[in-house]
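*Asks:* Each chain, written out:
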Amino acid sequence: MMTLLYKEIRLCAHPASVVFAFLGCLVLVPAYPYSVIFLFGCLAPYITFVNARETNDPWFTATLPVTKRESVRAKCLLTVSLQLFQLLFSLPFALLRGALGIPDNPVGIDAAPAWYGFGLMIYAVFDLVFLSSFYKSGYRAGRAFVMASVPLLLGMAAVESAAHIPALAWLDGGEHWRKQLPVLLAGAVCYAALLPPACRIAERRYEKVDL
Amino acid sequence: MEPLLRIEDVSKRYPGFFLDRVSFSLAPGRVMGLIGKNGAGKSTTLKATLNMISPESGRVTMFGRDFFRHEKECRQRVGVVFGGTDFYPLKRLGAITAVTRRFYAQWDEEQYRAYLRRFSLEEGRKFKELSNGMKVKYLLALALSHHAELLILDEPTSGLDPVSREELLHLFRRIVRRENCAILFSTHITSDLDRCADDITYIRDGRVLQSADRESFLRSFDHLKTPGDTGPLTLEEIMLRTERSEWDDDAAL
Chain A
1 MMTLLYKEIR
11 LCAHPASVVF
21 AFLGCLVLVP
31 AYPYSVIFLF
41 GCLAPYITFV
51 NARETNDPWF
61 TATLPVTKRE
71 SVRAKCLLTV
81 SLQLFQLLFS
91 LPFALLRGAL
101 GIPDNPVGID
111 AAPAWYGFGL
121 MIYAVFDLVF
131 LSSFYKSGYR
141 AGRAFVMASV
151 PLLLGMAAVE
161 SAAHIPALAW
171 LDGGEHWRKQ
181 LPVLLAGAVC
191 YAALLPPACR
201 IAERRYEKVD
211 L
Chain B
1 MEPLLRIEDV
11 SKRYPGFFLD
21 RVSFSLAPGR
31 VMGLIGKNGA
41 GKSTTLKATL
51 NMISPESGRV
61 TMFGRDFFRH
71 EKECRQRVGV
81 VFGGTDFYPL
91 KRLGAITAVT
101 RRFYAQWDEE
111 QYRAYLRRFS
121 LEEGRKFKEL
131 SNGMKVKYLL
141 ALALSHHAEL
151 LILDEPTSGL
161 DPVSREELLH
171 LFRRIVRREN
181 CAILFSTHIT
191 SDLDRCADDI
201 TYIRDGRVLQ
211 SADRESFLRS
221 FDHLKTPGDT
231 GPLTLEEIML
241 RTERSEWDDD
251 AAL
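From first to last, the protein sequence lines stand for chains A and B. For the first sequence, position 101 matches number 101 in my numbering, and the numbering has no gaps at all. For the second sequence, position 211 matches number 211 in my numbering, and the numbering has no gaps at all.
No lab work stands behind these hints, which were simulated from the structure alone. Since the structure is predicted, the reported quantities are computational estimates derived from the model, not experimental observations. A couple of the hints might just be wrong.
Below are the DSS-like pairs computed for lysine-lysine, each with C-alpha atoms no more than 27 Å apart in a straight line [said to hold, decoys possible]: (1) Lys128/B - Lys91/B; (2) Lys37/B - Lys136/A; (3) Lys208/A - Lys72/B.
For reference, chain A alone in the conformation it holds in the complex (with noise of 0.2 Å):
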């Protein structure tokens, strides 16, 4: 499997794809909507799947030793290294921004534990969304986003919501980052638990789709 990753880093990923994955850094931007950085994670596996289709991926892919489950648990390992990779990449952002004592986000939600918890919980509903419509063609990436989208713009709108709502102004700044942890273990949870059967219906479905 980690040579079917290599081949997806080194032959699809496209390069904005990968930006996006180090777009992580802007919590340190003192006011920005962060989770607006969400819709990054998941534009980036968006793109890829684009470029892969447009360069003739599946077919080469068919002509390697493996067989189509293989290749569409290489594109989901893809895109969770991807989301997580952004994720982790933000964390000394987040910690260094508490560190130069910058205030809080005016804007919206910070980027505290909760914030992170949430992401999970998005990337997880875009991704079964995303991969399980996509391999039921194997080609209509564009189709699988907009679906997809649905979901995780509604997700972003509550998310960026919530750090205005009085009664949950313990979802926002850092000094509340114990009674956010339960939010954030509910984000790794859904993550989780949604990406395998996630994987699993993209799997079943690909195997179904003519070349």
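Fit chain B to the known structure of chain A by using the hints.
*Replies:* Frame of chain A, contents of chain B only:
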């Protein structure tokens, strides 16, 4: 001799097209040409053989094993080339090779370098910068560098000039002789088969019309001869007369 590849009753239905119980086999050390006009089912047959499309029924035996059950093991011993398809056009050949070599336990770097020199290919060039002939040669170099025992080539000569075609066909003969492998290639250019095929399988409207060694194949179409034909029919004449009978039937309606 046990065939390297045996295809039995492979069927696939599409709207407006039916690949109808295709069967044939390929022995080691042979070159088989799969002919038929455009849309006859040549590529569909090759794709069904490689599980790129799911056949509705049928069985593919490769190296004596059920291909669908032992797909990964069988694929290690197969080289596949799709003519006319641009893979990763902006990537350099070196990058594509660096990825490909990791998939094969039998990868032979020395052999790969030898093929690069023989085909005058430079790893620093991008795939899109290659001519059609060079693209096929590069893909062949990849396929041959892991000691493939069976080469499956879909329209490798289409779109090539006569000189490049001749060179490739000559290469096929050499590969079979030197590497002791077998080649199955599809084409609609009958002169390709005159030059290098030991066996011919003719697909018409999704059905195998005939599959035999070249001599038997040519003899089996003697019924198409007219009183004016003194010698044996050429492959082109066989194909034209077979397909023409369909047009004549249409004209009669």
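*Asks:* Each hint should be assessed against the structure and marked as holding or not.
*Replies:* Evaluation of the provided hints:
no.	hint	result
1	Lys128/B - Lys91/B	holds, 8 Å
2	Lys37/B - Lys136/A	violated, 31 Å
3	Lys208/A - Lys72/B	holds, 18 Å
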